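Undergrad: What follows is each chain in one-letter form.
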Amino acid sequence: MKKRLLVSMVLIALVIGLFSSVGLGAGKVVTMWSFADNNIVEWKARQADIEKKFNITLKIEQVPQNAFVQRLQATMMDGRNCPDIVEWMIENNRILNANPAKAFVAPLNKYVAKSAAFKKVVPGRVGWVKYGKNIYGLPHDVHPVVLVYNDTLWKSVGVDMEKINTWDEFFVAAQKLSAEKKDGKPVHYALPENGGLNGTMFMIWQQTGSQILDKKGNPTFENAAFKSYVTQWMKWYKTGTMCSWDWGNFAALLNNGTLASYCTPDWWVSQVDTAAKAGKYQFKVRALPYYKKGGSRTASWGGSFLAITKSVKPAEQAELYKIMEYMQYDESSVKSRYKETGMLPPFANVWGDSIFKQADPRFGGQKLGELQVQMAKEMPNVVNGDIFWDAINDFNAQYTEIQAGKLSVDAGLKKTQAEAKKRVTK
Amino acid sequence: MGGTTTTDSKFKWSKLTSYTPYFFIAPFMTLLIIFNFYPFIFGAKISLTDAQFINPGEFIGFKNFIEVLFADDKFIVSVIHSFQYAIGALVTQIPVAFVLAYVLNNISKRFRGVLRASFFVPCLINGVVIALVFRNLFGKEFGIINWFLGLLHLPNQTNWLGESSLSIVIMIAVSFWQWTGFHMVYFLANLQSIDPAIYEVAKLDGASPLRVLWQITVPLMRPAFTFVMVTSAIGALQLFDLPLMLFPNGTYGPGYAARTLVPYIYDFAFRQDFRVGFASAAGWLVFCIIMVISVLQLRFLGMGNADE
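Chains as they are written, first to last, in the working numbering: chain A, 1 to 426; chain B, 1001 to 1308.
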């Protein structure tokens, strides 16, 4: 009798254990870390719906972007209070690795392979979270880049920006714009630059099709195409038509006419709002000029992704994937995402919606959404790899030396290549 | 019955009161153990492993230490940058802080308070904020320094933060603005504690003001000099916020010209390779460097001698 009781108890315990380990279990707390203010507003607005749909309690924590990786690393090494889902910014892709044993988050290959929604995500965007054969994250956005320009100012120096085809033509025209000087400095600048492969240089670089890593993830900074781009960029820089990228005063510089145009992903377009509202200048928007005719007319900059951390038990991953997919790609929600934040979802299914075809009063009624959708379809591919963002840093450290004329382009790229190569072996 | 209870409770109370000092220091000691000793020991343990990413790693002996010292030239370059900065900071801040304190000590009390507060305020501002403010001041097109130079019809297109030769100099300048007032307050407090009778006697003996300064004030201020020099050197060798935040894109200046020791550790642990074991080894080496420098300073300045 005692034996039978013992066997039944063990069986009951096994059944309970089995069921509790298959899914998340009713009312389970799912902890999510995010760095992004905008996105958190969206997640909180949808929190009740997500909780109800998946029968979970969603705990959203904001972690500062510049401490995100450090905190995640420390928490995961410690093994306590780890988040289940993380939303990180693209520059923190260091948490990914072609070798899944080294990544902070779990590969999603088996889930995305079965997902109909994921097949609609722009491949150029997925490329940013594909390391080796592993896809680690669900993109939140596409961030197609367009050119916003002050039509009044450009026309005042006889330049019709709509007729500019290439960046070479742009910088020739830019010299007319920056010809007017005060205290020896141009009164108007054509573009802002951000000290290396960041901001404008990073965006135009994607248009060139040149790469800094080969398909195996090794640095190739000295390849002819990239070298040619850096050389060309330096020629443009020396025209004196670019000013420093001033994050804090960007909108003010547009408003007072100091800055006459800027390449911008969807999340930065709103910098023009104050100036457009002031009404002194007419602003317009267009695709980026070509680097070479027939090439790409856009790029992307910035972005965030959702992923499951490795602290989550494998049995719980499938359910968490469903939650993440719902958060990122629920059709009605992504439409309101565009309405609220101006960020184009990477989910091509919804791009035909009327919300992306609205006339934008900031640009004299031009349809910004339509242009962004078109650009998202033309997104160039960038070869990514484990050392990508560190290699960018290596380049940026030499860039200022090249810019100051202390290093030739060749010498700067040689140094960058040597620094980046050391990373591959570590 | 009641009498026994009273005796018992008195006994217990007296026993308890003998532990009172320990209760008072317990909170501090607890925090010290958690936030100082534990990381210290944990850091030492991890420095002997190949811990990387989120993996705790395996024991590899002193391989990390050997690699930091002999296989990675960046460490030596970072040591050089740190020393350039530390020496620059000490040489500029301490004499000026002393002169300011000396001047303030000899002016009317009404102005002294206001001036002392004005000089002291910069050290209360967060280092990151200071770095961002100075990044704007040193900006190429829109920076106030270039604007001011333009007013004087001087070259006004210098890319201050893009000149590798200026990186350390700019950090020294920013640090001078931030910390000189802080040191001055120490010197001023020490100056005010010197017995005026000593000066009276010197005056009666006909000593010149310069001789009084050199032979009375300076020797009597040795404890303040020692304290300021040792703590400044430690602070300078632990510099982190300025190199990270002052230069665009977090690259520690053009060509890594301002990468000092702590940014070097930070890069390896949290920003690039996630080599926590390697970074811990580098951290221990930095600790040793700072300890040696501090001991040398204390010996050189004579602190800790029997006559102190």
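These are computed hints drawn from the structure, not numbers from a lab.
Treat the hints with caution; some may be incorrect.
[To be verified] Subject to a maximum C-alpha distance of 25 Å in a straight line, what follows is the list of computed DSS-like cross-link-like pairs (lysine-lysine):
| # | chain 1 | residue 1 | chain 2 | residue 2 |
| --- | --- | --- | --- | --- |
| 1 | A | K421 | B | K1063 |
| 2 | A | K102 | B | K1045 |
| 3 | B | K1140 | A | K182 |
[As the list claims (entries may be wrong)] A few chain B residues that face chain A, going by a derived Cβ cut-off under 8 Å, partial list only:
| # | residue |
| --- | --- |
| 4 | G1057 |
| 5 | E1058 |
| 6 | G1061 |
| 7 | N1126 |
| 8 | K1140 |
| 9 | G1150 |
| 10 | W1160 |
| 11 | T1251 |
| 12 | D1273 |
| 13 | F1274 |
This structure is a prediction, so every number in the text was calculated from the model and none was measured.
Just so it is clear, CB atoms sit at the ideal spot from N, CA and C, and this is done for glycine as well.
Undergrad: A separate judgement is required for each hint: does it hold in the structure or not?
TA: The hints, checked one at a time:
1. Note on K421 of chain A and K1063 of chain B: the hinted pairing holds, with a Cα-Cα distance of about 21 Å set against a maximum of 25 Å.
2. For the suggested pair K102 of chain A and K1045 of chain B, the alpha carbons sit about 21 Å apart, so the restraint of at most 25 Å is met.
3. This hinted pair checks out: K1140 of chain B and K182 of chain A have alpha carbons roughly 15 Å apart, not beyond 25 Å.
4. Proximity of G1057 of chain B to chain A is violated relative to the hint, the smallest CB-CB distance being about 10 Å (cut-off 8 Å).
5. This hint is violated: E1058 of chain B has a C-beta 14 Å from the nearest C-beta of chain A, more than the 8 Å allowed.
6. Interface restraint check: G1061 of chain B against chain A, minimum CB-CB distance 19 Å, threshold 8 Å, status violated.
7. At a threshold of 8 Å, the smallest CB-CB gap from N1126 of chain B to chain A is about 14 Å, leaving the interface hint violated.
8. For K1140 of chain B, the suggested interface contact is upheld, since its CB lies about 5 Å from the closest CB of chain A, less than 8 Å.
9. Against a cut-off of 8 Å between C-beta atoms, the interface hint on G1150 of chain B holds, since the closest Cβ of chain A lies about 4 Å away.
10. Against a cut-off of 8 Å between C-beta atoms, the interface hint on W1160 of chain B is violated, since the closest Cβ of chain A lies about 11 Å away.
11. For the restraint placing T1251 of chain B at the interface with chain A, the shortest Cβ-Cβ distance is roughly 4 Å, inside the 8 Å limit, so the hint holds.
12. With a least beta-carbon distance of about 5 Å to chain A, the hint placing D1273 of chain B at the interface is held under the 8 Å criterion.
13. The interface hint given for F1274 of chain B is met, as the beta carbon of that residue sits about 7 Å from the closest beta carbon of chain A, less than 8 Å.
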